[in-house]
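Undergrad: Listed below, chain by chain, are the residues.
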Amino acid sequence: MAFWIASSPHNHEQSETSGLMRLVIYATIPGIFAQWYFFGWGNLIHISMAIITALVAEFSILSLRGKKIRPQLLDGSAILTAVLLGISLPALAPWWVTIIGSLFAIVIVKQLYGGLGHNPFNPAMAAYVMLLISFPVQMTQWQPPLSLLAIDLQFSDTLSLIFSGYTPQGYSVEQIRTHVDGFTMATPLDTVKTNITLGLTVVESMESPVIGKHFGIGWEWMNVGFLLGGLFLLTKKAIHWTTPLSFLSSLFICSFIAFILSPDSSASTMFHWFTGATMLGAFFILTDPVSGATSVKGRLVFGALAGLLVYLIRKFGGYPDAVAFAVLLCNMAAPLIDQYTRPRTYGHNVGVKK
Amino acid sequence: MESVIERIHKGHFSHFHGGIHPPEQKFLTCTKPIASAQIPEQLTIPVRQHIGQAGDIIVAVGDKVLKGQALSASDSPMQLPVHAPTSGTISAIKASVIPHPSGLSETCIIMKPDGEDTWCKRKICPDYELLSKGQILEKIANAGIAGMGGAGFPTQVKVGTLAKIEYLIINAAECEPYITADDLLIQEHSPTVLDGIKILDHLLAPKNILIGIEDNKSKAIDTLKKATADIEHIHVCVIPTKYPSGGEKQLIKILTDQEVPSGVLPSSLGIVMQNVATCFAIADAVINDTPLIKRVVTVSGQALEKPQNTWALIGTPVGFLTQNCGYKNKQHKHLIMGGPMMGFSLSNDQIPVIKSTNCILAPSEEEIASPYSTGTKEVECIRCGQCADVCPAQLLPQELQWSAKAKDQQQLTNLNLFDCIECGACAYVCPSQIPLVHYYRVGKAEIRQQKLLDIKAEKAKVRFEARKKRLEREKIARAEKHKKAAEARKARMNSGTSEAKTEKSAVAAALARVKAKKAQSSTDKNASPQESGNEQVSDQKSQVANAIARAKAKKLAQKAQLTDVQTPKNDSDTTKVDTKEASAKPKSENAPVTDKKAKVAAAIAKAKAKKLQQAKKTDDSVAKLPETKTDNDVNAALTDVKETAASPAQDKKSKVAAAVAKAKQKAKAKADAKAKTDNPVELTAKSQAKSATAKKEASPTPVEVIEVVEVVEESDSISAELPKQSAAELKKAKIAATVAKAKQKAKAKAATKNKTEKPTDLSSDETDDSISKKQEKPTSNNDNSANKELTAPVTKNSIKAKAAKLTKAPKQSAEELKKAKIAAAVSKAKANAKAKKLAKQSQTESNSENSEQKDDAKANEASASEIKKARIAAAVAKAKAKKLAADATKSQTSE
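Sequences listed follow chains A and B, in order. With the working numbering as the guide, the letters of the first sequence map in order to residues 10 to 363. With the working numbering as the guide, the letters of the second sequence map in order to residues 7 to 901.
There's no promise every hint is true.
Unchecked claim - Chain A residues, not near chain B, derived (Cβ > 12 angstroms throughout):
no., residue
1, F12
2, F42
3, V146
4, F172
5, M341
6, T354
Stated by the list, open to error - Derived BS3-like pairs (lysine-lysine); straight-line CA-CA distance at most 30 angstroms:
no., chain 1, residue 1, chain 2, residue 2
7, B, K413, B, K474
8, A, K76, B, K413
9, B, K467, B, K496
10, A, K246, B, K411
11, B, K413, A, K306
12, B, K383, A, K77
13, A, K76, B, K127
14, A, K245, B, K467
15, A, K77, B, K413
16, B, K127, B, K204
17, B, K487, B, K888
18, A, K77, B, K411
19, B, K383, A, K246
20, B, K467, B, K450
21, B, K383, B, K336
Calculated from the structure, these hints are not laboratory results. All C-beta atoms in this analysis are idealised placements derived from N, C-alpha and C, irrespective of residue type, glycine included.
Using the sequences and the accompanying hints, generate a full structural model.
TA: Put into structure tokens, the structure is as follows:
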């Protein structure tokens, strides 16, 4: 007649880490859809390659470490990392870039630091930065939106480009990126940055075909997709509202101040919000609990710092976008932020408040 | 700024941080009336059911008790009595499993109800306002009322506070899922509850009474509102349902927007909180004179056919209640006392209901599929921070968890682990399914344990320091005492009376006799046919035996010395008896003998000084004949004892020999001491004769060694010289004894010298200086060992053990100097270890030895003043004393 002995509490919300991860993966779908719609199959191919590599890497390392493989392999964290990495890579980057990045993210950034819950850096962003520094040429060959391409890009063409560097018709990535008018197209951020160094004003840059009229022709829609996904996560309480809010407002404030001071050389606040990886970073990268700050105050500081860094690097740094760098820098600062933003425990330091 | 009351009337409440909304599950029981109490076959009443000390049991096994009769009595506020819940017989008073998360056993009174339920005499008090506050408090205390919400804090302490109370808060929040006991109590017994509240009002005179109740108990709220409608300062505060709003600190925050500072009671803020059930119990106790013997218990859970609230007698086994409600589970039985959030699992269903038990939960398997039941689903923390979001104490559960896993107690304390109320909200929401509360409980227990250890260590330190100081004081006092004693002895010795002389000679005679006896025994052995040529081995053995014998002799002297110390005290009554040491030792000695012994000791001391002198002489002579010196010494050692014992059983033999020698020594010392006073002259003559025979016997035995004879002749010549100076017979006897003793000493020295000098023997071209240096070394060595032996003279065993060690050591190192040294070092180390154990004795005794030596030296100087060499002897003795002192300090420091 054995009685169960258990420690309180005896009931549980029945939430699971894997459920949380799944939810975040689902939330990327609108953004990925926009990416597919405007940029073609490239990133989907990268995402699938990254997921396979990540799972294989995770499996090998877990077996080496003698951990329980099934629950940890399927907790979704490796898949999420792979998805985020796949989203951020240039659509036409060669296949090995994905493989290397994925392996680096899982083996070195995640597992060598102790696996889920112990990695100090966001694996996807660390891998992205590693790739960007190691393979600058491949990592900056951004594909312009399909509508601007002179050549029609089908699934098979994309696949061939990724694995061989040429379409079956013999076009190279560089040729694909060339506008009908004969110049190589870059991302909007890149364009603005280059034009400013060329002495052009931001308003003049906005005339560029990659930026498009009114709302834009690709990058902006992608960001909207991720914003939607992020809002979905917020309603599901899978992520805390503090980090995205403080990050976006910090970026807004920084760009607004700069825009007020010098409208000719500074892009608008909305331009900063809806280009590059801003929304992805705000809702999917910075909210990574493992490498972020934990307390409410800490998260506010963390997000604000990230926003500031993104703006500074975009404006003054050598790279057109800065989310990955900002995230890594903030990851480094997170333990310190946590240390100094501990909430006041109930009944401690009860001040003279009335 | 609106006042708290205005705000409450508007229905605005402040919020505590965090909180969760677990499924309430109150519908299972909240609509059914409270079942009346049934009497089980047996009641188990833990003596301690509250926070504080258990009352003193005032019944015995077999006693017949009536319902409501006190089973234990209290004499302090934190003690609470327990009462018989029904009439019956006390069947046992024994340790039994109590309802506690630990599952530990404590003293319980086991009672067999007789089923008649006969009340003891009660005094109904219809108007409590006629009673004084003190009387009401006394009634509450005598009823054994403790907080019935869970913690079980003695109620009369809480309501007996002298602080000015602004808010009396009645806690009817009942935030835990499943539990409806308070809800039903209010619904059915609101008049009594209100009476209780009024009594508290009378006691505490608060400005406002706030009844905190969650908005999910509409019936109870209505009842309360109706009942309190005509009382202006009672406010029914309907608060939003959120776990854990029923926590004391949380409810205070909700209702008054104040935070209770950590480690402070709410009464310091002018707030007192009481549970609804406690109010009911207070009313019952004050008005009806009914002690706390029953309470409402929610028996709920989907494993029951008819979950319901029921009155339960304190001490009713949980199984009795679940049975009445139709418990279905046959296989996976899981009973929880308390709610699903903070309750604890029971290890069996015979555990009794106590004063703070508000719920028995019997969940079905599906109902509470807690991951913490199996503990297998825990994964790594991903720092999602959900736990910190729900923590009502605003702690950082994830950081606490890491520190708890790392056992970082400092960090745990910094993170305010002890502000955790173990509500379980963090573990409830944790997606990684980490049993956080469990980690905190372990962490808290470890910190408490560590604190206890720290306190103990601190106490030990203080004790040790006090002891050190005391020993220091005692040492100084003892030194002073010895000095006085020595002076007294010196004066007596130098008085020149015949008595003093007799004293001296008597001791000398005794020593001589011992010597003679030894020689005798050795001759006997020599005569045995086992003589062999293995000289070296037997050599060392005999040396060892000698050393032991000498040590024992010293020990005896030591004892005598101690008695010596004591005796003058007893005689003169000048100082108090040192109870610690002096009295412990001489117990073994015969009281009448002590006087004599003291004299003997004095004589021995004298003899020693002489002996040293003698040794010096021998050294001189050795210096004259360097090439034969070592041989002399060696063979001198040989002559005395057991040359024969080269057989395999050497160790044993030498031990036996030592023992025999010791026994004889003792016997003789006693006999002599007795005989001495009778007719000393005769004795001296006898001893003289004996020593003579000893010499004669000793010399012819080892025929092959000529040097022996030389030694004997030498010592004879010395003794021949000395008599010339002193013609008196007594003196002669003394000298004879000295010679005998000197020989002994020489042999003991030789024993060590032999070890060290054997290799140098081969190179015979050594200078005198080097030899004398070497002699010094072994001497010191010898002294050390002797000292060591003296440090542990309390038990014979220790000496025997040492004897064994000593005999073994030389056997192993028959020829090698190094080995011998190592052996010596080992034995020294061992002796040191023992010295540690006997730290006190060793210190005191080495000290006494010390002072004894000094005294010896002085006495000698004064008495044998004619001889110049006495000075040298004194110097030697002083050196020795210094060495001993060094040794003593060494042992002190090593301690």
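Undergrad: Closest CB-CB distance from A/F12 to chain B, is it above 12 angstroms?
TA: violated, 5 angstroms
Undergrad: So if I understand the rule, the pair passes when the alpha-carbon distance is 30 angstroms or less; does B/K127 with B/K204 pass?
TA: Measuring from Cα to Cα gives roughly 25 angstroms; hence the hint holds.
Undergrad: Is the Cα-Cα distance between A/K77 and B/K413 30 angstroms or less?
TA: holds, 25 angstroms
Undergrad: With 12 angstroms as the threshold, tell me whether A/F42 passes as away from chain B on beta-carbon distances.
TA: holds, 27 angstroms
Undergrad: Under the criterion that the straight-line Cα-Cα distance not exceed 30 angstroms, is the pair B/K467, B/K450 satisfied?
TA: holds, 26 angstroms
Undergrad: If you draw a straight line from the CA of A/K76 to the CA of B/K413, is it 30 angstroms or shorter?
TA: Measuring from Cα to Cα gives roughly 23 angstroms; hence the hint holds.
Undergrad: Are the Cα atoms of B/K383 and A/K77 separated by 30 angstroms or less?
TA: holds, 11 angstroms
Undergrad: Is it true that the CA of A/K246 sits at most 30 angstroms from the CA of B/K411?
TA: With a Cα-Cα distance of about 28 angstroms, the restraint between A/K246 and B/K411 holds, given a limit of 30 angstroms.
Undergrad: Are the Cα positions of A/K245 and B/K467 separated by 30 angstroms at most?
TA: violated, 59 angstroms
Undergrad: Regarding the pair B/K487 and B/K888, is the alpha-carbon distance no greater than 30 angstroms?
TA: holds, 19 angstroms
Undergrad: Does the claim that A/M341 lies outside the interface with chain B hold up, using a Cβ gap greater than 12 angstroms?
TA: At about 15 angstroms from chain B, A/M341 clears the 12 angstroms cut-off, so the statement holds.
Undergrad: Far enough from chain B: is every CB of that chain over 12 angstroms from the CB of A/F172?
TA: Check passes; 35 angstroms lies beyond 12 angstroms.
Checked against the numbered hints above, the structure breaks hints 1, 6, 7, 9, 13 and 14 and satisfies the rest.
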